[in-house]
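Asks: Each chain, written out:
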Amino acid sequence: MGNAPATPAARRFPPWLLIAVGAAVIAATYLYLVVWRPESLVGGAGVGPAALIALVGYLLGSVLIIAGAMVRMPTSTVTLLPIAIAINIVAGQINNMVGLPLYLDSIGTVLVGVLAGPAAGAATGALSNVIWGISISPASLPFSTTQVVIGLLAGLFARYGWTRRILTAVIAGAVTGVAAAVVSGPISAFVFGGANASAGRSAIVAIFQALGIDTLGAAILQGLTVDPLDKAIAFLVAIVILRALPMRFSQRFPFARTHSVFSPRTRSVLRGGARPAEGEGVLASPDPRSQGAGATRGDARDADGPAEGGRS
Amino acid sequence: MSSSLTFYQAGEGWIHRLNPVTKLAFVVSVTVAAFGAEDLWWPAALFVLLEVPGALAAGVFGRFVKLVFGFFAPFLVILFLIQGLTFPDPGTVLAEFGPLAVKTEGLLFAGTTALRLLVMVGAFILLLLTTHPGTLMTAMSQAGLPPKIAYVVSATLQIIPAFQERANAILQAQQARGFDIGAGGALARGRRLIPLMGPLLLGALTEVENRSLAMESRAFGASVHPTAYTIVPDSTAQRAARWIMILLAIAAIVLNTLGVL
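Top to bottom, those sequences are chains A and B.
Here the first sequence is numbered in numbering that gives the first Met the number 0, starting from 0 and rising by one per residue.
Here the second sequence is numbered in numbering that gives the first Met the number 0, starting from 0 and rising by one per residue.
Calculated directly from the structure, the hints in this document are not laboratory data.
Predicted, not measured: the structure shown is a model, and the values here were computed from it.
For each residue, glycine too, the CB sits at the ideal point set by N, CA and C.
Worth double-checking, as some hints may not be accurate.
Stated by the list, open to error - Coverage of chain A stretches by chain B, computed from C-beta distances (three or more under 8 Å per stretch; other residues unrestricted):
hint	stretch
1	30-36
2	61-69
3	114-120
4	123-133
5	148-156
6	165-178
7	208-214
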C-alpha cells in the first residue's frame, strides 16, 4: 500500500536522474570520508561514525544506480545479467578454490559493461555483490560499490573504443583496477578494519601499517597491489570470450553495435552492412556519371572503415 | 564448490512464518544500530540479546553458530593480528616487539570492528536460515521491488548451482585428462584456469539468446505489473514492527551522537 506510488514516481523521473543521484551520493560519501576527513572520523575508542557513513552512503548510491539502470533495460540485457552475475560469483569461488591471490569476481561485470553500456555494467556489478552477499558470503555485500565503478568504467572504456584492441583493453583494465582500489579503501578500512579473508592480502595491509601509514591508506595501497592486475585479467578474459563468441551475439546489444566496441573488423563489416542502403540511395539519385566515383568510394570504404564518413 | 547455495533450514516456528520483509528490516536496523554506536558492549549486547535468542527460538541454533563462526574465526584472527600489532595511530603501548607494538586502542578498534561485523553477519545468516530465497523474492516483489530486479536475483540463484555443477563436470573432465590444479606457482595455476573457465563461460553465454527469446515471447518487460502465484502473508502488526525497528535504529544513532548511549 505504502509502496504503490513507487512505480509511477520511478517513471516520472528519467532513469539517468536516478543514476546521477546515486553516483553523486557515492562520490559525496567518498569525498566526506577520504578527502575532507573530519577530525572525529576515527574517534576515541572505536572507529567513530565512519563505518556507518561508508556502509549507508555506498549502499544507498548503489541501490539508486540499480533502480535507474534497470527501468528501461531491454529484455536481451536483462537475460544477460543473471549469467554475468553467476560468472562473477562462480569465477570468484573457483579463484578461491585454486588459491590465487586475486579476486577474479568482475569478469561478468566487465562483460556486461562492454556489451550493454556503463549503466548496465554498474547495475550488474552492484547486483552481483548484493546477490553474493545474500547467498554465500555476507562480507562481499558492502563492496558492491567497487563493482559499480568497475562496470561503469568498463562501459565508458568500451564507449571510447578501448576494447577494440587487446592491448588497450588490458590498459583500461589496469586503470579500472586503480579506481577500484581507491573506491574500496574506505569499506575495507572502516567496515572491516583492514583485514580480509585472505591471509596474504591482510599481511600486505599489516606491512603498510607497520611502516606508519594509517588504516585507510594501507587498505588503498593493498588494493593497488592486487586490483590493477586483477582487473586487467578481467578485461582480457571478457574481451577474449566476447571475440570467441559468434558475432551475432554481440550485435544483439545496441550499445555494442552503435559504438562498435570490438575489433575494427567488426566495425567495417557493420558499416558495410548498415550503410550501403542509405549510401546507395545517395549514389543512385545522381546520373550514371558518378558511378565510377561511387565505386572508388566503395573501395576506400573497404580499405578503412571510418574514412567513408565524408560524403558530399 | 560443493557447498549448496542456500542456507535455508525448513521449520515451522513463528520466526519462519514472519514476512521476509520484516526480517530484512530487522537485519538492516540491527546492522545500522551496531555500526552507529561507539560503545564496545553495544554490538555485543545486540548479538547476545537479539540474535542468539532469535536463533534459539527458530530452532536453527546449531547451524547458526557453525556458520557464523566458520565464517568469522579466520577473519577474527587476522583482524586482531593486524590491528593488535600494527595499529597506526598513537596510543597506550602495552608491549613492544621491534617495529610491532600492542596498543590498547588497536585492540579496542579490532574488538569493536569484530563485534559490529558479528552482528551484521549474524543477522544475515539468521535471515537466510529461516527464509527460503524464493519466498524472500516473492515478498520483496509484493513490497514493490521492480519485476526485472526480482527476475535477475532469482534467476541468478537458480543458475549458480547449475553453473557449479557444470564447472565441476568440466573440472573432472580435465582432471581425467591428467590436469592437476593444485601444483605449481601462481602463474602456472593461473594458466591452468583457462581450460576450466573457457568452456564454462562460452557455454553459459550461448544460452542467453534462447532465454531472452523465450522470455520476450511471454511478455517479459511489459509495463503491466504481474500478479503473484504465491502470496506471502503480511500483517498490520508486522508493518508497524518494521517502522518501529527502523525508528529504534535511528534513535540509537541519535542517542549515541548526543552522548547518552
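Asks: A separate judgement is required for each hint: does it hold in the structure or not?
Replies: Verification of the hints:
no.: 1; hint: 30-36; in the structure: violated (count 0)
no.: 2; hint: 61-69; in the structure: holds (count 3)
no.: 3; hint: 114-120; in the structure: violated (count 0)
no.: 4; hint: 123-133; in the structure: holds (count 5)
no.: 5; hint: 148-156; in the structure: violated (count 0)
no.: 6; hint: 165-178; in the structure: violated (count 0)
no.: 7; hint: 208-214; in the structure: holds (count 6)
This entry does not satisfy hints 1, 3, 5 and 6, going by the numbered hints stated previously.
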